[in-house]
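Model the full assembly from the supplied sequences, consistent with the hints where possible.
These protein sequence lines are chains U and R, in that order. Quick note on the numbering used here: the first sequence kicks off at 656 and runs consecutively. Quick note on the numbering used here: the second sequence kicks off at 656 and runs consecutively.
No lab work stands behind these hints, which were simulated from the structure alone. Please note: incorrect hints may appear among the correct ones.
The list makes no distinction among identical chains, and a pair is therefore deemed to hold if it is satisfied within one copy or across any two copies.
In silico EDC-like links for lysine to aspartate or glutamate, alpha-carbon gap of 20 Å or less [to be verified]:
(1) LYS891 with ASP880
(2) LYS867 with ASP706
(3) LYS739 with ASP791
(4) LYS857 with ASP877
Protein chains: 2
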Amino acid sequence: MILDIIGRGNVATHLYNAFRNINDVTVNMINPHTLAGLNPNADLILISVSDNAISEVAAKIPEGSAMIAHTSGSTSIDTLSDNKRYGVFYPLQTFSKGKVLNYSDLPFFIEGSDEATTKSLCDVAGLLSNKTFRADSNQRRALHVASTYACNFVNHLWSIADDLLQKNGFSFEVVRPLLQETLSKTAVMSPFDAQTGPAIRKDTKTIDSHLKLLSDSNVDKDIIDIYNLLTSSIIKTHS
Amino acid sequence: MILDIIGRGNVATHLYNAFRNINDVTVNMINPHTLAGLNPNADLILISVSDNAISEVAAKIPEGSAMIAHTSGSTSIDTLSDNKRYGVFYPLQTFSKGKVLNYSDLPFFIEGSDEATTKSLCDVAGLLSNKTFRADSNQRRALHVASTYACNFVNHLWSIADDLLQKNGFSFEVVRPLLQETLSKTAVMSPFDAQTGPAIRKDTKTIDSHLKLLSDSNVDKDIIDIYNLLTSSIIKTHS
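Printed below as a string of structure tokens:
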């Protein structure tokens, strides 16, 4: 098959590198500004640009027989509805430049304008990955929100922890085994059942001593607000 | 050496199992209520009970030559100051019953009543682990607070994500590669530098669409408050 990937960001680059290693796929990376080199015989054109630019790029693609899909978690399939066969090809991962990934367990969430298109897009994702799911635009938005909590917000909490550790002479590495084990536990029980810590024990003595340390450390008010809000949310969720 | 571990919870059980496999260590697990079987020739007595019970248990230990240390992250070393040689032997990990751990990279944070005691406690931790650190009571409290953000609060965010995923027909497993990669990234860059997502991009369009989905999903008000607070904290931290 012939695959054109429009974009030059992290997702486009990773998908390009992944498909380059697949037999029987001819893959080209296309500059989103010029669209130079678009193959008139392409079977699939992936638009992997920032959410705001998707419709603009799609409008500039010459009419042809290719399926057209975007790779965005939070953009509706309808953005591409001016095309004949269109869809969404969403890889759920945090992509960084230069960081090697194992694509075989990369989850893809697929939506097509019709059943044949959905099936074709699933087949293409299946060339890379064992984890291909169907998801409509609402489900995909929920996936994106869930990922925001589970990845972006989590990373921010790690950043807060990193600050506290560094202020006390330790590196983030001292908590790595703890974090790895916290994640591993969710493979054998749900995060709900895996909850530990002073909040779920309603251990107000420890909570007060934590708040005193935070206040003595002159941390930003946000950091204390986050402590209080997550503590009360854990208590409420588990009572 | 002769090691008595007072306690019967997860930490006590894990430490007992870990030291059982070390040559030249004779380890006993002691019931914290009866203290039956305490060895008068013990070199070290570890008190691994709930924070509130440490001083009470310590007061009941017959006077002898053993060093006495507790294993708590948030309890001062002074709790044991009625003893001759005392300290803290704090393993930074989340311990679950029946879950096998690799003890060789388990970080221990050690504090002793004097230099010789600190050194001896470090040597004992070194029998299990390559990662032995010294930490005074303030540093250890900061470690405990950092772990609360990095482990307990993170787990709660994963629980929120799990709920959203399940409501939309997906299991937590679909985000596991994302979470694993999010953690892996912090090994090559700081969590601060690894931050991604709509908040750091100030992508208000996506943020608004997330908030709409949360509100349409009738989630608890806390969940929305957490979204707003973490989003604004990320924006503030990175601007």
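Going down the list of hints, with the structure as the test:
When the C-alpha separation of LYS891 and ASP880 is checked against a cutoff of 20 Å, the pair qualifies both within a copy, at 16 Å, and between copies, at 14 Å. Taking the shortest alpha-carbon separations for LYS867 and ASP706, only the inter-copy value of 18 Å comes in at or below 20 Å, while the best intra-copy value is 43 Å. For the identical chains of this complex, LYS739 and ASP791 are intra-copy neighbours only, at 18 Å inside a copy versus 67 Å across copies, given an alpha-carbon limit of 20 Å. Taking the shortest Cα distances, LYS857 and ASP877 sit within 20 Å of each other only across copies (18 Å), while inside one copy they are farther apart (22 Å).
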